[in-house]
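Protein chains: 2
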Amino acid sequence: MQTLGCDVAALNTVQFSNHTGYGQWTGNKVSAPEITDLFQGLKNAYLDDFDMMLSGYVPGAEALEAVGQIAVELKGRAKKAPGSFFWVLDPVMGDNGNLYVAKDVVPVYRSLVSHADLILPNQFEAEYASLLNPPERESNRQSLTPLLRLLSEVKIQDMASLGRAIQVMHERYCIPHIVITSVSLNHPDHPDASLSVVGSTMTSDRRARAFKIVFPAIDCYFSGTGDMFAALTVVRMREAVWNTPGLSTAESWRSDDAVDALDLPLAKAVEKVLASMHEVLTKTCEAMDIGLRRRLGETQVNGGVDDKKIRLLKSKAAELKLVRHVDSIRSPKVQFRAVRM
Amino acid sequence: MQTLGCDVAALNTVQFSNHTGYGQWTGNKVSAPEITDLFQGLKNAYLDDFDMMLSGYVPGAEALEAVGQIAVELKGRAKKAPGSFFWVLDPVMGDNGNLYVAKDVVPVYRSLVSHADLILPNQFEAEYASLLNPPERESNRQSLTPLLRLLSEVKIQDMASLGRAIQVMHERYCIPHIVITSVSLNHPDHPDASLSVVGSTMTSDRRARAFKIVFPAIDCYFSGTGDMFAALTVVRMREAVWNTPGLSTAESWRSDDAVDALDLPLAKAVEKVLASMHEVLTKTCEAMDIGLRRRLGETQVNGGVDDKKIRLLKSKAAELKLVRHVDSIRSPKVQFRAVRM
Numbered sequence: 015m016q017t018l019g020c021d022v023a024a025l026n027t028v029q030f031s032n033h034t035g036y037g038q039w040t041g042n043k044v045s046a047p048e049i050t051d052l053f054q055g056l057k058n059a060y061l062d063d064f065d066m067m068l069s070g071y072v073p074g075a076e077a078l079e080a081v082g083q084i085a086v087e088l089k090g091r092a093k094k095a096p097g098s099f100f101w102v103l104d105p106v107m108g109d110n111g112n113l114y115v116a117k118d119v120v121p122v123y124r125s126l127v128s129h130a131d132l133i134l135p136n137q138f139e140a141e142y143a144s145l146l147n148p149p150e151r152e153s154n155r156q157s158l159t160p161l162l163r164l165l166s167e168v169k170i171q172d173m174a175s176l177g178r179a180i181q182v183m184h185e186r187y188c189i190p191h192i193v194i195t196s197v198s199l200n201h202p203d204h205p206d207a208s209l210s211v212v213g214s215t216m217t218s219d220r221r222a223r224a225f226k227i228v229f230p231a232i233d234c235y236f237s238g239t240g241d242m243f244a245a246l247t248v249v250r251m252r253e254a255v256w257n258t259p260g261l262s263t264a265e266s267w268r269s270d271d272a273v274d275a276l277d278l279p280l281a282k283a284v285e286k287v288l289a290s291m292h293e294v295l296t297k298t299c300e301a302m303d304i305g306l307r308r309r310l311g312e313t314q315v316n317g318g319v320d321d322k323k324i325r326l327l328k329s330k331a332a333e334l335k336l337v338r339h340v341d342s343i344r345s346p347k348v349q350f351r352a353v354r355m
Numbered sequence: 015m016q017t018l019g020c021d022v023a024a025l026n027t028v029q030f031s032n033h034t035g036y037g038q039w040t041g042n043k044v045s046a047p048e049i050t051d052l053f054q055g056l057k058n059a060y061l062d063d064f065d066m067m068l069s070g071y072v073p074g075a076e077a078l079e080a081v082g083q084i085a086v087e088l089k090g091r092a093k094k095a096p097g098s099f100f101w102v103l104d105p106v107m108g109d110n111g112n113l114y115v116a117k118d119v120v121p122v123y124r125s126l127v128s129h130a131d132l133i134l135p136n137q138f139e140a141e142y143a144s145l146l147n148p149p150e151r152e153s154n155r156q157s158l159t160p161l162l163r164l165l166s167e168v169k170i171q172d173m174a175s176l177g178r179a180i181q182v183m184h185e186r187y188c189i190p191h192i193v194i195t196s197v198s199l200n201h202p203d204h205p206d207a208s209l210s211v212v213g214s215t216m217t218s219d220r221r222a223r224a225f226k227i228v229f230p231a232i233d234c235y236f237s238g239t240g241d242m243f244a245a246l247t248v249v250r251m252r253e254a255v256w257n258t259p260g261l262s263t264a265e266s267w268r269s270d271d272a273v274d275a276l277d278l279p280l281a282k283a284v285e286k287v288l289a290s291m292h293e294v295l296t297k298t299c300e301a302m303d304i305g306l307r308r309r310l311g312e313t314q315v316n317g318g319v320d321d322k323k324i325r326l327l328k329s330k331a332a333e334l335k336l337v338r339h340v341d342s343i344r345s346p347k348v349q350f351r352a353v354r355m
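Those protein sequences? They're chains A and B, same order as listed. Heads up, the first sequence is in the working numbering, so the first residue is 15 and it goes up one at a time. Heads up, the second sequence is in the working numbering, so the first residue is 15 and it goes up one at a time.
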């Protein structure tokens, strides 16, 4: 976000030695009162003039409520000046089969969704939510959608039902913008080993304007893709909105009803985000084996193979190489374009 | 540091709503056991393969001891592989007349200096240290030097005695590299309203090789210059050392005795750091009045002038505009060159 020009204030909700994908960590969570107190400090010092907020990983329900309260307060204050504050809610619950948060976090996200301007659930968040309703659980490929399933009560089996679920979400919760990251549903248009991102910005009468962007999956385990997607989406959404005359003062940056799905700033934003991600993931994957082999070589020289150490070194190798590939963040080449659902 | 290509792990020693220069803040310090525990977590996950460490603001003596212990451990481990770990110790005690830390932090810094590879005291840290010895206190202009005064026991009144103090430091504490930031001592070579930075890398027999870089002072109050100087020095020092064949595997990256003061990687590094700083400070100062007037205008419209609010808005206006001027960080134009003391 900084390398793309944003002045960012970080309110850490944890200070851990490493992310929980490693399976072990030290450090502490920041408590709900501490989060509230930090925001009060920002207000006291007139440092609360934010125009966007991204909420990400919050490991406990009370802390998530405190974070939500900050967003709701900033949203409320911005009512006088439409477009002056935009909340991107990434309902971080987990990734790649690991749940990061306590189970009681899920219903809190549910209660907060109607206050957000844009939500960004990933595939695992989808699958985990489906686990909450075991009887309805489908095979991995078919059961996706997070919150979506919880919120829309539409059974999602294909791109058409995914589209209906998005429509229900706009209608029921009045969420202006939705992006479902990493959708893997079979479709005649989708080549094998492809993924897609599906997004929509609703119209004034809450009709979905959905687009999808199909891109090749990379056969590699990565860590941090959800955070990268969310952070870039914040910046690119703002940029796309600022490039559209008058839109930055529209409520929730909602485009005129006449704007086609493929011309939405959200679609333009996600195209750029995916371009950056595809470049960084490709380069991270290319470097992964080399780095891992070097570290494993050292391990073996120093005496035997240690399963736990190998697992931890693999976790490190899976970290996205963001700093090294900053040019891909700043100036990505857009290859994958939004198409109609 | 990241925009210059460093993969950085931050171990926060506080989580405050804002820095203490605002005179008010909320949030908590991280305790000494928490700091130690976080480092243990990094070790447990094989995430402790650092080749440099920068220690900055640590508000309490026990926490500073914990931070120092991390550096000492990493230094000890690197003894087998000279040059594989380099500790930059910025003895952050305060700036511009404000003490940031508890008084008992000062002697802890004193005990840690002999373990560091490079220390970076600023002018206030100098003046504050001199306050500890009231009988010896001089006028502001003459009494500078931090730690230096404490450590060298040389009375610093001019550039010559400053040079002697650096010599004593190298000899007594075996600190390989020293940079004194923001020196303002009268000297025939120095124009009015100039400042200088004085640095030295010792030889194998602990002789100082001192250089100074004189640059114009900017008549503006800034916040964060010490942190910016320290962070950039870490990256630029590494870069300059890596550009010198063989030096990255020399103990403490100490240059051959034959290398002249003006050819030291430390001198090259500080030239680049000051170039970036001069550009960012100039641009921050240019924008400061405009931003402040706009915010003050809003204040007056909303009913009267409030001294406290004005003070807080001035603090915000004094924050360095780093993100906006990232090109000055990445590719500064070097204007001010190292000269002999």
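These aren't lab readings, by the way, just hints derived from the structure by calculation. Keep in mind that this is a model prediction, so the values were computed, not measured. Just so you know, not all the hints are guaranteed correct.
[Said to hold, decoys possible] Far from chain A, some chain B residues (derived; all Cβ distances over 10 Å):
1) Phe30
2) Val44
3) Glu48
4) Met66
5) Met67
6) Leu88
7) Gly97
8) Asp118
9) Ser196
10) Ser198
11) Leu199
12) Asp203
13) Asp206
14) Ala275
15) Thr296
16) Met355
[What the hints assert, rightly or not] Quick list of simulated restraints, FRET-style, between CB atoms:
17) B/Pro47 <-> A/Asn26: 16 to 24 Å
18) B/Asp321 <-> A/Asp65: 51 to 59 Å
19) B/Lys93 <-> A/Lys328: 28 to 36 Å
[As the list claims (entries may be wrong)] Below 16 Å or equal to it, Euclidean Cα-Cα: the simulated EDC-like pairs (lysine to aspartate or glutamate) are:
20) B/Lys328 <-> A/Asp63
21) A/Lys94 <-> A/Asp118
22) A/Lys330 <-> B/Asp270
Ideal Cβ positions, reconstructed from N, Cα and C, are used throughout, including at glycine.
Going through the hints against the structure:
1. A Cβ of chain A approaches the Cβ of phenylalanine 30 of chain B within 10 Å, the least distance being about 7 Å, so the stated non-interface status is violated.
2. The Cβ of valine 44 of chain B does not lie farther than 10 Å from every Cβ of chain A; its closest approach is about 7 Å, which violates its non-interface assignment.
3. Remark: the non-interface label on glutamate 48 of chain B conflicts with the geometry, its nearest Cβ contact in chain A lying 6 Å away (cut-off 10 Å).
4. The claim that methionine 66 of chain B is not at the interface with chain A holds, since no C-beta of that chain comes within 10 Å of its own (minimum 14 Å).
5. A cut-off of 10 Å between C-beta atoms confirms that methionine 67 of chain B is not in contact with chain A; the least separation is 15 Å.
6. For leucine 88 of chain B, the non-interface assignment is confirmed: its Cβ lies about 15 Å from the closest Cβ of chain A, beyond the 10 Å cut-off.
7. Glycine 97 of chain B, annotated as away from the interface, keeps every beta carbon of chain A farther than 10 Å; the closest lies near 18 Å.
8. Listed as outside the interface, aspartate 118 of chain B is consistent with that label: its C-beta sits roughly 24 Å from the nearest C-beta of chain A, beyond the 10 Å cut-off.
9. The claim that serine 196 of chain B is not at the interface with chain A holds, since no C-beta of that chain comes within 10 Å of its own (minimum 25 Å).
10. With 10 Å as the threshold on Cβ separation, the claim that serine 198 of chain B sits away from chain A holds: the shortest Cβ distance comes to roughly 30 Å.
11. With a least beta-carbon separation of about 35 Å from chain A, leucine 199 of chain B lies farther than 10 Å from that chain, consistent with its non-interface assignment.
12. Here aspartate 203 of chain B stays apart from chain A, with its beta-carbon at least about 39 Å from theirs, past the 10 Å limit.
13. The non-interface label for aspartate 206 of chain B is consistent with chain A: the shortest C-beta to C-beta separation is roughly 35 Å, beyond 10 Å.
14. With a minimum CB-CB distance of about 33 Å to chain A, alanine 275 of chain B clears the 10 Å threshold, and the non-interface call stands.
15. No beta-carbon of chain A comes within 10 Å of the beta-carbon of threonine 296 of chain B; the shortest separation is about 19 Å.
16. Consistency note on methionine 355 of chain B: stated as away from chain A, and its beta-carbon is indeed over 10 Å from all of that chain's, at 37 Å minimum.
17. Checking the proposed 16 to 24 Å range against proline 47 of chain B and asparagine 26 of chain A shows it holds: the Cβ atoms sit about 18 Å from each other.
18. For aspartate 321 of chain B paired with aspartate 65 of chain A, a C-beta distance near 27 Å fails the hint of 51 to 59 Å.
19. The beta-carbon spacing between lysine 93 of chain B and lysine 328 of chain A, approximately 30 Å, falls within the hinted interval of 28 to 36 Å.
20. Taken as a hint, the lysine 328 of chain B and aspartate 63 of chain A pair is honoured in the structure, with Cα atoms around 15 Å apart against an allowance of 16 Å.
21. Taking the CA atoms of lysine 94 of chain A and aspartate 118 of chain A, the gap is near 34 Å; set against the 16 Å cutoff, the hint is violated.
22. Pair hint lysine 330 of chain A plus aspartate 270 of chain B does not hold up; C-alpha atoms about 37 Å apart against a cutoff of 16 Å.
In summary, the numbered hints that this structure violates are 1, 2, 3, 18, 21 and 22.
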